[in-house]
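Residue numbers (our numbering), protein chains in the order written: chain X, 279 to 412; chain V, 2 to 341.
Hints listed in this document are in silico derivations from the structure and should not be mistaken for laboratory results. Computed from a predicted structure; not experimentally measured. Where is the CB? At the ideal position from N, CA and C, for every residue including glycine. Check the hints yourself; a few may be wrong.
[As the list claims (entries may be wrong)] Below, a sample of chain X positions facing chain V; criterion: calculated Cβ distance under 8 Å:
# : residue
1 : Ala309
2 : Arg357
3 : Pro393
4 : Gly395
5 : Thr396
[What the hints assert, rightly or not] What follows is a set of in silico ranges between Cβ atoms, one per label pair, in the way DEER data are often shown:
#  : chain 1 : residue 1 : chain 2 : residue 2 : range
6  : V       : Thr297    : X       : Thr320    : 50 to 56 Å
7  : X       : Val335    : V       : Val254    : 55 to 61 Å
8  : V       : Val254    : X       : Pro393    : 32 to 38 Å
9  : V       : Asp174    : X       : Ala367    : 48 to 54 Å
10 : X       : Asn310    : V       : Arg230    : 38 to 44 Å
11 : V       : Lys91     : X       : Pro393    : 18 to 24 Å
12 : V       : Pro147    : X       : Gln311    : 55 to 61 Å
13 : V       : Asp77     : X       : Gln311    : 42 to 48 Å
14 : V       : Thr297    : X       : Ile325    : 38 to 44 Å
15 : X       : Asp337    : V       : Thr300    : 46 to 52 Å
16 : X       : Thr320    : V       : Asn272    : 40 to 46 Å
17 : X       : Thr320    : V       : Pro226    : 49 to 55 Å
18 : X       : Ile325    : V       : Trp52     : 36 to 42 Å
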Amino acid sequence: MRTFMLTTAACLLAGGLAVSAHHSFSAEFDANQPVRLQGTVTKVEWINPHTWIHIDVKDDDGKVVAWMIEGGTPNTLLRNGITKNSLPAGTEIVVDGYRAKDGRNRANGRDLTYPDGTKLFLGSSLEGAQGGER
Amino acid sequence: MNSRPAVPAGLLALVVAALLAAPSTALGQARPADSSTAAAEKTSPAPRTAWGDPDLQGTYTIKTITPLQRPAQFADKAFLTPEEVAEFEKAAASAIGADSREGAGTDADVSRAYNEFWWDRGTQVAGLRTSLIVDPPNGRLPPLTPEAIERNRFETTRWAFRSAGAAQGRGTDSWLDRSLFERCITRAMPGSMLPTAYNNTYRIVQTPGYVAIQIEMFPHVRLIPVAERRELGDNVRLWLGDSRGHWEGDTLVVETDHFTDKASYQGSAENMRIVERFTRVNDEAIDYQLTVEDPTTFTAPWTAAVPMTRTDEDLYEYACHEGNYGLEGILSAARSAERE
Numbered sequence: 279m280r281t282f283m284l285t286t287a288a289c290l291l292a293g294g295l296a297v298s299a300h301h302s303f304s305a306e307f308d309a310n311q312p313v314r315l316q317g318t319v320t321k322v323e324w325i326n327p328h329t330w331i332h333i334d335v336k337d338d339d340g341k342v343v344a345w346m347i348e349g350g351t352p353n354t355l356l357r358n359g360i361t362k363n364s365l366p367a368g369t370e371i372v373v374d375g376y377r378a379k380d381g382r383n384r385a386n387g388r389d390l391t392y393p394d395g396t397k398l399f400l401g402s403s404l405e406g407a408q409g410g411e412r
Numbered sequence: 002m003n004s005r006p007a008v009p010a011g012l013l014a015l016v017v018a019a020l021l022a023a024p025s026t027a028l029g030q031a032r033p034a035d036s037s038t039a040a041a042e043k044t045s046p047a048p049r050t051a052w053g054d055p056d057l058q059g060t061y062t063i064k065t066i067t068p069l070q071r072p073a074q075f076a077d078k079a080f081l082t083p084e085e086v087a088e089f090e091k092a093a094a095s096a097i098g099a100d101s102r103e104g105a106g107t108d109a110d111v112s113r114a115y116n117e118f119w120w121d122r123g124t125q126v127a128g129l130r131t132s133l134i135v136d137p138p139n140g141r142l143p144p145l146t147p148e149a150i151e152r153n154r155f156e157t158t159r160w161a162f163r164s165a166g167a168a169q170g171r172g173t174d175s176w177l178d179r180s181l182f183e184r185c186i187t188r189a190m191p192g193s194m195l196p197t198a199y200n201n202t203y204r205i206v207q208t209p210g211y212v213a214i215q216i217e218m219f220p221h222v223r224l225i226p227v228a229e230r231r232e233l234g235d236n237v238r239l240w241l242g243d244s245r246g247h248w249e250g251d252t253l254v255v256e257t258d259h260f261t262d263k264a265s266y267q268g269s270a271e272n273m274r275i276v277e278r279f280t281r282v283n284d285e286a287i288d289y290q291l292t293v294e295d296p297t298t299f300t301a302p303w304t305a306a307v308p309m310t311r312t313d314e315d316l317y318e319y320a321c322h323e324g325n326y327g328l329e330g331i332l333s334a335a336r337s338a339e340r341e
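Make the full structure from the sequences, and use the hints.
Take a look at the structure:
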């Protein structure tokens, strides 16, 4: 019974994802252009339907390149105690995502973590990187 | 820091009531009490507003892991036992969901969009049910009419979409080819009253003569008159239809039609008629049921029960139009592909 429930639950959640995805992400981002970026937050647009996190990434030549990373709705974060102070400029983050199909320096934040591997907003080795005020 | 209640008191009360009240029958499966049956226990007389109408006011969430339609695995099993509910909720909580990277490098992984922490699908089963649909008894939408099946071949019908561009095979020529959801317009009806991936919050406000339902997903307020019954001219068509309410005892009954043909649900649009019933169960919950009928689309009317549970959380503005860079990105991607 436990396996049955686990399978059903997983199927429901997985099935629900594509249906509920706000935009057609595969129309916007390229599965053939995965990117892994490590950069410093410069600003965060806490907007709907998607939060956009701006980061500066140093390329191999040391040149700084600005990227925009698409996230989800800030409404859900607010419900979990995250505020607009929770991701201050200067925070180092790692973005595992897919580049925009039009070639711009945009990517969806498929997986967002801190450099130590913990998920963004859920825990960090960086002191004070995560706000907690409601 | 996190004020989300672990288990809403109303849900806990329902589970306890079910455990105490469930009769076992010779047929085997016990049928527990549920907020969506008339047998729901009321803890006290329904509160009244200052002017004497039943008081439905408050802020509620409808998020749930119970799907609209019963999964095939559950077949005719309408209810889970409390033990099965607990097991199902535990399994759902441990399922990886959007954090899965299975199929990395494919559109399937791109479509998961972003981490699980951005989503707010809920963690709990609605009552003890395996589906929100309570009628037909198999918990699934009734079959579509042949006419609707033919109509749907040329239109996307998930939630509320109707796109001339999609009908002609174009999907990215213009924002007009994108869904109403992507364009931040509406989920229309009944979509706007069904649980979704986030923004499952509703606020009910009453004044003498009106009940207002504020919907978090998109800046919708359904303004429902209860004081008089007047009907719009047949040519007046609205995104959320035209609603007229009246009280039957402690139940608000809302009848809605005059839907626009620019939005559809499973192919049902201008001929859709919805009857909703809102009944306060106790301080923490409203029993909400909606019945959809459209003989040109559905071979039978269907009814869903969507428990509304009081929340201490606020209802947040969803100013979707203001930040919709993604829509521009979709069109830009198509223009870029054309140049190659």
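Tell me the hint numbers this structure goes against, listed in increasing order.
3, 4, 5, 8, 9, 10, 11, 12, 15, 16
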